[in-house]
Amino acid sequence: MTHGLNQHPLEAARFVGNHERARWHDGALWFVRTKRDRAAASVPEWEQLREIASQIKGHLIARLPEYLEQFEERAVGLGAHVHWAADAAEHNQIVLKLLQQHNVKRVVKSKSMLTEECHLNPFLEQHAIEVVDTDLGERIVQMRGESPSHIVLPAIHIKKEEVGALFHEQLGTQVGATDPAYLTESARKHLRQKFLKADAGITGVNFAIAETGGLVVCTNEGNADLGVSLPKLHIACMGIEKLVPRAADLGVFLRLLARSATGQPITTYSSHFHGPRPAGELHIVIVDNGRSWLRTSEEFRRSLNCIRCGACMNTCPVYRRSGGHSYHYTVPGPIGSILAPATDARQHASLPFACSLCGSCSDVCPVKIDLHQQLLTWRHEIASRHLLPLSKRLAMRVGRFVLSRPRLYQWAGAAARLALRLLPRSILYHRWNVWGRQRDLPEAPRRSFRQLYRRRRHEQ
Amino acid sequence: MHAALFVPCYIDQFYPQVAFATIDVLGQHGVEVEFPAAQTCCGQPMANIGCSDDARPLAQRFLEIFQPYTHVVCPSGSCVAMIRHHYDGLLDESSELADLKEKTFELCEFLTDVLEIEGISGSFPHRVGLHQSCHGLRELRLGSCTERMDSTDNKIHRLLESLEGIQLTELRRQDECCGFGGTFAVSEEAVSTMMGLDRLHDHQEAGTEILTAADMSCLMHLDGLIQRQRFPMRVMHVAEILAGRPGSVPATEGGR
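Protein chains in written order, with numbering that gives the first Met the number 0: chain A, 0 to 459; chain B, 0 to 255.
If we strip away everything but chain B, and leave its shape as in the complex, we get (with noise of 0.2 Å):
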């Protein structure tokens, strides 16, 4: 099988191995990989501040760039969010959209779904805290959340419990944004780091020595809060732990 890498810019930007993780689990369940060089970004953070009109060209760009591809995988559940659920709102109704949106998968729905895969093998001795980052969650549905009632199979923490030796831990608060919300975390500075600290708090009750999500933006703004107030945990995308990276070795060793 043949797929397109979609790669976050924030990822291409400050987390490459993150991507290259990708390419490998991918890799070792038979999908050759290709990157198509000419991507940017899918205009996620225009459209959520609510410049459609600088997010529509992204997202033609992006319709475009994949165009020729039959898969589109993508390590991030909020940009594959944005393509099925928010595209509609910024393009024109065509089949070319209707397939874009049909074939775009975030990593781990694309190993359950698409490869059907049952488990990982491989081990991964450690500690680990599913984060459950809100896109993947409430808009792609990768699990249920708490609020519905009708249950479903979590996709990651199915993929993550088939490891050997993995032991992930139970949270308070079980899927309670982590407050990074885009510029959200800017904006919203106090509320933001109010929230994501309390997640680290559950986490760190629950002892978590790694955190892992499907989003690396989440990560991103937990990771600085661990860094800053030295939290005795690190973060790693799921993508790393799927692909038998060693939880020894910080995967980002942070600002300082």
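Isolated chain A, as found in the complex (with noise of 0.2 Å):
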């Protein structure tokens, strides 16, 4: 695996490499943007909406310690057990516990980002504990070996082609099935198995609820409902910055939530959790794993607004054209880009800069992040720890010191100008000469704006 500034540019050109199927990646996921722009449009007071959640988010994120204390004080006082882990490694202890103080053999979990951030798959399946993601996506990547490509639709980066030949190969179903419903129906008498076995049901959480000590996890698929209804544990798993302050705030959530994601006006299944169900077990894992350090910084601090919609990511140009598995980042495109330098900027030094900073992002986002802003500010966060190439730096401190001399850059520019216009095509389209690969450069004309500005002025 590359490093560094040169590990999304290269996914990234192998991904463009594949053309027809780059071309449908964009198209797919460009489909759900348009779907999502006619849900929004549908709903007069959007932008206030949008506008009111990015409040409430900013208020919670302020005085997040007193909401996460009475958020827990009303969860236990439900029955629920909650647990605090610092960063990944402890919410995979957390859970490895519980399901040992359990003799659970068996897990199913249904879709979860932050279990997918802490690797508890893996982590889990070392300890002889078998974990089946029961989200239709999330089955397909895991029955492939791959992490999720995308926050809301895992598998979008399949074709149903490829789903036909994986289900043939471990499902058994026919040779050559594509018809998606007859997948889906497969998958299902597989998955309902798993679900009447499983010594434990695993849930993310979309939103906590400060004031009632509930949860909502929100599905389209109904499996975090069948997940947690047979077992007598469910473990719910958080990051610190899922809470809202009062049940009413759902109102304004779930809203945007789903007409965010995939343009349907409210998601299948929002399942409420108010405390474990008669005889059952509740736990809830709340985990920070470097959200603390985001929330102190002034700038980054927005960044916890997000509730994984995934809007930035369908409206992103790039994250369409390169697919989320060029970001090697949990969660992928703007939000990612953001979030996966604050765990490791230099591992990550790349994707602030997969970005045409055309600000789409922060306008589709419902709880308006400045996502574009925010990866800008990265940029300099990069060059200020001394993570860009010396070539970069070197390049612009030579731009620096000609744009501070005027009669230097008139100079240098005519110099360039020259050179456009004498060198052979052979010799200016060399293998270095990256903008040439597929565009032209512009003519250069003989004499510049200012040279002929001035000319004109001595004329008159």
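Simulated from the structure, these hints should not be mistaken for laboratory data.
Ideal placement from N, C-alpha and C gives every residue a C-beta, glycine not left out.
One or more of the hints may lead you astray.
[What the hints assert, rightly or not] If we take Cβ atoms under 8 Å as the criterion, some of the chain A residues that face chain B in the derived model are:
no.: 1; residue: 8
no.: 2; residue: 320
no.: 3; residue: 392
no.: 4; residue: 441
no.: 5; residue: 449
Can you join these two chains into the complex? Each is in its own frame, and there are hints to help.
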């Protein structure tokens, strides 16, 4: 695996290299983006909702410690157990210990980006516990031994023909089957057995309500409900930023979430869990894993507003053409490119540059995170930590030197234009001319504007 | 009225006709234009790569050079967005900076908001595709983007529409980025060129003959692709169209 500033460009070039597939991927996500546009347009107060959501989250993050304590108190009052994890390793240990205490061998898990972030599956498998992802998309990527390429549409990079081949191999479906209804039905039968045999259910959390101590989990397949209805043990894993202050706030966030994510008016199942079900146990694991660092940062704090709808990915012209795996982080796309460098700036240094600064993500975001601005801020952070290569730093230093001196700038400009005019194409378009691989250079005029302007003034 | 002309460095070097067209449009509406010769670059290339230390002295120079003027007009939304939204992160707060941010305008918004021009007299009998350059659209809000649900009038569109005989083409994706993005065009070359080609195919299907924008940098990238791939299209900066330059003569002849 390559690191640093070349990582995303190399992966993206490989993705774009399969042009037909890159076009298909771009089109599939653009379709979701346009569905979102229609759904958002159906709400006359859309922009007000975004503003309110942004303010609620801003307030929540500012008073996070109080709200977390309130949530713990109310959740415990409802009979749940609350556990605190500083990082991914502690989270995984807590979950493992709970499973071992309950003698669990088989777990079903609904979609949770947090457990992906903590790499819970491989950890549990190392300890001889079977974990089955029950979201269809996640199950597909799990069967392929991959990670999700999108936080809402984990298998968006896979075509139905490939799903057919995979299911034929692993589930024994008919050869060459591509009918989505048939394949989904087969997955449903396969998963039903897993649900019936599971000893515990793990879910993520979309919203945790400080006021009530309750949890809300949103799925389109009902798999969270199925997974926690039979086994005695329900473990819900959440990041510290998943809180909302009041139950009434759900009226803002649930309306924004589904419309922004998939263009649906509401997620099919918005399941509420207030304490354990009778004779069951509910354990809530609350994880920091770098979020407190983000919270202390004036600039990056707003990234904690994120409700993981994925709209910034669907709209991002770079994500659509480079695929989620090119980001090498659990959360890809614009929001991932802010979160990833916070975990390791050197390793993820290319991500804030995998952006044309078009600003579409900031305008689509339902909680008004100024994503492209934060990506720009990350670039400054990366430069100030000396993570830019010497060539780039030198180029900028030379640029500053030349552009601070109008005469030198004029001379350099004239020399560059002369070279462009005189040099043969074979020399201009050498292998290091990256611009010129697929694009012509602009035609260089004999004189610059300032020369022509001066001459014109002289003649008048 | 008097205004200082701010000419982005790449326009100065490669597209002098765009700066002259800007002078002419402003002149046609009674604005006397002066070009302060000490100007070079606003510092955006350095700022966008993260090198604030290299961008800062250029921002400081810019502030000093344009201080004496009442208005600053520039034929680039991106460079104006740099002054208006990103100088705050480079320069200390001062009344001079606040003043600079208030008096610096992109050409089209200067025409519609300061001069309060409703339309441009003249004709341009061509099928014109408007590329919505991102910084003009989403940072200067020259129009409303498709992501937002509070639609406002598009200033560039309104000016172009007022020309006699002009036909503005309808695109599948009205305001997707062309993929230029400054150094992004080189550091993410594969994605950048795919984005550009996607825009050009959209325009080609819509029947665009002349591709225009309020940012020459987007057009430089798109024209590079047009020349190489021989798209039946020409690029013209919006200032050239508004100044009454004929559409039949290619504005830039491109590479080859």
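Quiz item: For the hint on residue 8 of chain A, does the least C-beta distance to chain B fall short of 8 Å?
Solution: Because about 5 Å separates residue 8 of chain A from the closest Cβ in chain B, which is inside the 8 Å limit, the hint holds.
Practice problem: Mind checking the CB of residue 449 of chain A against every CB in chain B and telling me if the closest is under 8 Å? | Solution: Result: holds, 6 Å to nearest chain B Cβ.
Quiz item: With a cut-off of 8 Å, does the beta carbon of residue 392 of chain A approach a beta carbon of chain B closely enough for the hint to hold?
Solution: Hint on residue 392 of chain A: holds, closest Cβ of chain B at ~7 Å, below 8 Å.
Quiz item: For the hint on residue 441 of chain A, does the least C-beta distance to chain B fall short of 8 Å?
Solution: Check passed: Cβ of residue 441 of chain A comes within 5 Å of chain B, closer than 8 Å.
Quiz item: Taking the closest Cβ pair, is residue 320 of chain A under 8 Å from chain B?
Solution: holds, 5 Å
Going through the hint list in order, the structure satisfies each hint without exception.
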